[in-house]
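**Q** Kindly generate the complete structure, drawing on both the sequences and the hints.
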Amino acid sequence: MTLTTPAYLFLDIDGVLQTPALGDFMELEHLPLLQSWLHEHPGVYVVLACPDREGLTLAQARAWFGPELAPRVIGMTQLSVKGRAYGGRQAEIEAWMQKHAAAQAPWCALDDEALLFQPGCEAFIHVHPWTGL
1 MTLTTPAYLF LDIDGVLQTP ALGDFMELEH LPLLQSWLHE HPGVYVVLAC
51 PDREGLTLAQ ARAWFGPELA PRVIGMTQLS VKGRAYGGRQ AEIEAWMQKH
101 AAAQAPWCAL DDEALLFQPG CEAFIHVHPW TGL
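Each residue of the sequence shown is one higher than the last, beginning at 1 in this note's numbering.
Hints are computed from structural coordinates only; laboratory data are not their basis.
Just so you know, these numbers come straight off a predicted model, no measurement behind them.
Distance windows between CB atoms, simulated: (1) 115 to 66: 30 to 36 Å; (2) 85 to 122: 18 to 24 Å; (3) 104 to 68: 25 to 31 Å; (4) 100 to 27: 27 to 33 Å; (5) 63 to 100: 20 to 26 Å; (6) 99 to 57: 16 to 22 Å; (7) 98 to 120: 18 to 24 Å; (8) 125 to 95: 15 to 21 Å; (9) 63 to 33: 14 to 20 Å; (10) 79 to 42: 28 to 34 Å.
A virtual CB, placed ideally from N, CA and C, is assigned to each residue, including glycine.
**A** Below you can see the structure in the form of structure tokens.
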């Protein structure tokens with residue numbers, strides 16, 4: 001897949017790159033799968049979905065991806081005034097897109113919490129929290 005315009009992947013960490021059963025936030029057992037996919041899709045940029053609430057910095061997250069992919073980890077969303085539930089994550093993503101990217105640019109979100117998105121959000125990719133990515 002060759003993209004002529006950038007596309008954005010909004011990434012939740014807990015429940016997507018790792019499962020709660022691991023108990024260690026830094027384990028990231030599914031990160032190699034995502035890294036492989038990103039290597040195959042060079043036009044996709046990663047935006048972390050609200051990790052600032054978990055004490056994660058953008059620099060720390062970039063280090064996880066290694067020197068080749070780190071420049072493609074370009075930002076973090078901010079907490080929506082709506083809060084987390086009932087479409088709050090989707091609102092955070094839409095606000096980030098309005099501020100940093102063309103509103104019509106393609107995006108998708110990998111997340112394990114469906115309530116964070118409006119029902120029928122076509123950009124939401126539901127990841128089961130017990131299995132992760």
